[in-house]
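Participant: Spelled out from the first residue to the last, the chains are:
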Amino acid sequence: MVTEVTDERGLVRRAADGEEVAFATLVRSHSDLVWRFAMGMLRDAGAAEEAAQDTFLKAHGALDGFRGDSAFRSWLLSICSRVCLDRLRQVRPSSLPLSAASDLKAPPDREDVRLTVEAELNRLAPDQKQAFVLVSMLGYSRAEAAQIAGVPASTMRSRVASARERLAEALATTMLGGDS
Amino acid sequence: MTHIFRTALLDGDAPEGLTEHLETCAECRLLDARLRVVDKLAPSLAGLPPDGLASRLAAPYSALGTHLAPGPESPGTDTEPLELEVAAPRPRRRTAWVAGISVAATLALIAGLVTRAPSPEHTVQIVPIQNPEGIEPMEMTLVYKQIEETFDGEGNRVGDPVVTEELAVPEGRRRVDDGVRRTTVRGGKRSVTLWKDDGIYLVEETCPYKSPILDIRFPIQPERYPEQRGGWACEGQKTTDFTTRREVLHSETVTAAGRAWKTWVVAEETVFDSAPDRPAVGQSWFAPELGDYVKVEFSVVGPDRSKRVSRTLTELRSDTTDPRLEVFDDTPTKEEIAISEGQARGHRWELLAYQSKSGECYKLKIGRGWSSSCSSVDRHPGLHVTPSWEKNPDDRSEGRSEFGSPRAPMPPSILVYGITSRETDTVQVRFADGGAPLTVPTIAHRSFQHRFFVSELPEGRDPVEAVAISADGRDLQTVTHPSQWKTTRAKRTGPVKTVGRGELQGIGWELLVYAQDDGALCTSLRGGDSGGSSCGARVPGERLIWFPGGGTGPSGSTWHMGEADLSVAKVVADMDGSPDITVTTFGGDAGFGISFYVFAVPQGSKLRAVTGFAADGTELERANNRFPARGR
Chain L
1 MVTEVTDERG
11 LVRRAADGEE
21 VAFATLVRSH
31 SDLVWRFAMG
41 MLRDAGAAEE
51 AAQDTFLKAH
61 GALDGFRGDS
71 AFRSWLLSIC
81 SRVCLDRLRQ
91 VRPSSLPLSA
101 ASDLKAPPDR
111 EDVRLTVEAE
121 LNRLAPDQKQ
131 AFVLVSMLGY
141 SRAEAAQIAG
151 VPASTMRSRV
161 ASARERLAEA
171 LATTMLGGDS
Chain Z
1 MTHIFRTALL
11 DGDAPEGLTE
21 HLETCAECRL
31 LDARLRVVDK
41 LAPSLAGLPP
51 DGLASRLAAP
61 YSALGTHLAP
71 GPESPGTDTE
81 PLELEVAAPR
91 PRRRTAWVAG
101 ISVAATLALI
111 AGLVTRAPSP
121 EHTVQIVPIQ
131 NPEGIEPMEM
141 TLVYKQIEET
151 FDGEGNRVGD
161 PVVTEELAVP
171 EGRRRVDDGV
181 RRTTVRGGKR
191 SVTLWKDDGI
201 YLVEETCPYK
211 SPILDIRFPI
221 QPERYPEQRG
231 GWACEGQKTT
241 DFTTRREVLH
251 SETVTAAGRA
261 WKTWVVAEET
271 VFDSAPDRPA
281 VGQSWFAPEL
291 GDYVKVEFSV
301 VGPDRSKRVS
311 RTLTELRSDT
321 TDPRLEVFDD
331 TPTKEEIAIS
341 EGQARGHRWE
351 LLAYQSKSGE
361 CYKLKIGRGW
371 SSSCSSVDRH
381 PGLHVTPSWE
391 KNPDDRSEGR
401 SEFGSPRAPM
411 PPSILVYGIT
421 SRETDTVQVR
431 FADGGAPLTV
441 PTIAHRSFQH
451 RFFVSELPEG
461 RDPVEAVAIS
471 ADGRDLQTVT
481 HPSQWKTTRA
491 KRTGPVKTVG
501 RGELQGIGWE
511 LLVYAQDDGA
521 LCTSLRGGDS
531 GGSSCGARVP
541 GERLIWFPGG
551 GTGPSGSTWH
561 MGEADLSVAK
571 VVADMDGSPD
581 ITVTTFGGDA
591 GFGISFYVFA
601 VPQGSKLRAV
611 TGFAADGTEL
621 ERANNRFPAR
631 GR
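Just so you know, the protein sequences line up as chains L and Z, in that order. Be aware that the first sequence starts at 1, since it is given in the working numbering, and climbs by one per residue. Be aware that the second sequence starts at 1, since it is given in the working numbering, and climbs by one per residue.
Next up, chain L with everything else stripped away, as it sits in the complex (with noise of 0.2 Å):
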């Protein structure tokens, strides 16, 4: 169908009163973006896709704590945030899989630069990450990106700092400089 353009906020208020299909409208309006945002701090599709569900359904459960005074989509990437560095938590960081990497057959440059950054991704501590993933990967502003994270925006802009600080030093080794 055409893309899903409803009232969201008439969408939230339905899916409060306990409409589901409204909160299956929500649900397939913000999968992609869940996702990709999962998928950026958790670096494995299945991981990401269990913390949308997740995601959707803590937001589900907690509709009624959605006082609207942020956009939605705001909302329940601070809900997957919170899901991600559990998961985080939990997990000893790491870098890429190994068979991710032996998979690639004489990668070219640009798959080695990528690569490189991946795993340093994976190595950032979990604020890094998150700073990174909401600047960074999604474009979120740092003030909206602090917002989502629960922190002042300055230690957003620190955070998000640090984080292409270390990953510009981890191309140190693959980039000898210039542009890409």
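Calculated from the structure, these hints are not laboratory results. Just so you know, not all the hints are guaranteed correct.
Just so you have them, the derived chain L footprint on chain Z, three or more residues with Cβ under 8 Å [unchecked claim]:
(1) 7-13
(2) 28-42
(3) 52-58
Bear in mind that the values here come from a model prediction, so they are computed numbers and not experimental data. Even glycine gets a Cβ: it sits at the ideal position worked out from N, Cα and C.
With chain L's structure known, arrange chain Z on it following the hints.
Facilitator: Same frame as chain L, now just chain Z:
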């Protein structure tokens, strides 16, 4: 490098003097280059969501259990509302759902089902079935079903049934040799049942079951099926598992979609691993002739809250001439072709079109990997309207134009786009503010029979309507934006009347009643700081008393409210675990044509039945609690 410029680079800022500084600082240029690589890679690091993600994630909220069915109750059938032993009347609370079943929501006091008379002109006798019970299932042609869903429970909107449509698609049915009789695909979500010699098995409901669930055993007879463990397996992902128990209780004649069906009543209890204290319990009416359920009533029962869902078949057709019965398959048959592309407020977009098995499809990609879903202009728009929304009358006129305006990836809407007929020269987009419309020329492509349009929207203006205009200035069609569709909320037709007041267990109560334009009667029983409301059909003339709905009252006991014919003067509640309760009816003079009764069941007792007596003591009618006991 000075600290200030390093910080600026890491923050992505460009303070005055940075460019000049970079020219003289090799270390800075290196950092800048690496950061730009990181920034360039970043949007793609999350990758693209897997196919079917939205459907899988939304499935728990758009499907209820394993049964789809239907059948408005008509006079003369057994239509007692279910007794809910649960609780918690506190209006307008949200509900929570797990794996397709509501696990929260409070019930109030349920009066009955909302009914709507089937439209005779749309009710077509279905192709006769050869084999009711285990023999040869009905040889279905394309079957269209309209199903009305009502929700009772705290927070539900009063009198606002949800209407959905389903199709049994012939392409989805196939015979195989390993004992499988039939596979059916219904509606937008996949629902696959296998017919074997020994019974019907549920194989898929949006996602495949990990193992088939025995739904009905042949020959159908009263019996209890062995407990079954199940769960869904969505592309290998972990999903909620459950334990389900089923029992065929007895046969019963049910009226649905304008005709009577011989049915078997199947009681079911499903306990999801994720919510063991909130089982889904209910009854389904299986019509062998149809090979499906014609009515389903389900409640999710929790220690503190509950929710009831009733699905009834309101329309059933095998009329293949109806354009809405067109089978749609958007599987591409040719590669996508870019119709137009551009940038809008920093977001790159691309309008694509392709040929599908059922016609021409188009979709819009915008931003970082985000894409709208595909739609065919040849598919009747009415089929993909959110069920509870009223369709725009124009929607059904030709089905030749559609339009939308995506909100992604950032609000607000930035593009308007769509597909329209070959004759359309321009599309005029009108806005909510009533200001000057936007005229968008249509785009033709030699590979497609239709034309397309796409344009950036003026900032801050919300589209409400698109008009297809021919080269000679004729309005060909007007399509209303989905945001303008109206909901089908029934309207109150008269004042809210207080039909009775009293006291139960030391707590005062009052019963408020009003009528709606859909014929339903709405009741609201309030006591202490609790209360509950529901809307439903009035007691049909053929029946004299309805089994009452119930919810936990302020004192923890179960309060019940029911309706009765005006001839019923007294109601005796037959209790299991405590003495009978006798109450007099009231409210018969309030102008609603029926009377009401209210009583409380003490904690630990269970209501077995209610019996209505006339003023002279004559027993008029008994209504049993036919809701299956929990914890079977």
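Participant: All hints are to be evaluated individually against the structure, with a verdict given for each.
Facilitator: Here is how each hint holds up against the structure:
1. Only when three residues or more bring their CB closer than 8 Å to a CB of chain L does the claim for the region 7-13 of chain Z stand; here the count is 4, and the claim holds.
2. Look at the region 28-42 of chain Z against chain L: 13 of its residues bring a Cβ nearer than 8 Å to a Cβ of that chain, three or more, so the hint holds.
3. Proximity of the region 52-58 of chain Z to chain L, defined as three or more residues with a beta carbon under 8 Å from a beta carbon of that chain, is established by the 6 residues found.
Checked against the numbered hints given earlier, this structure breaks none of them.
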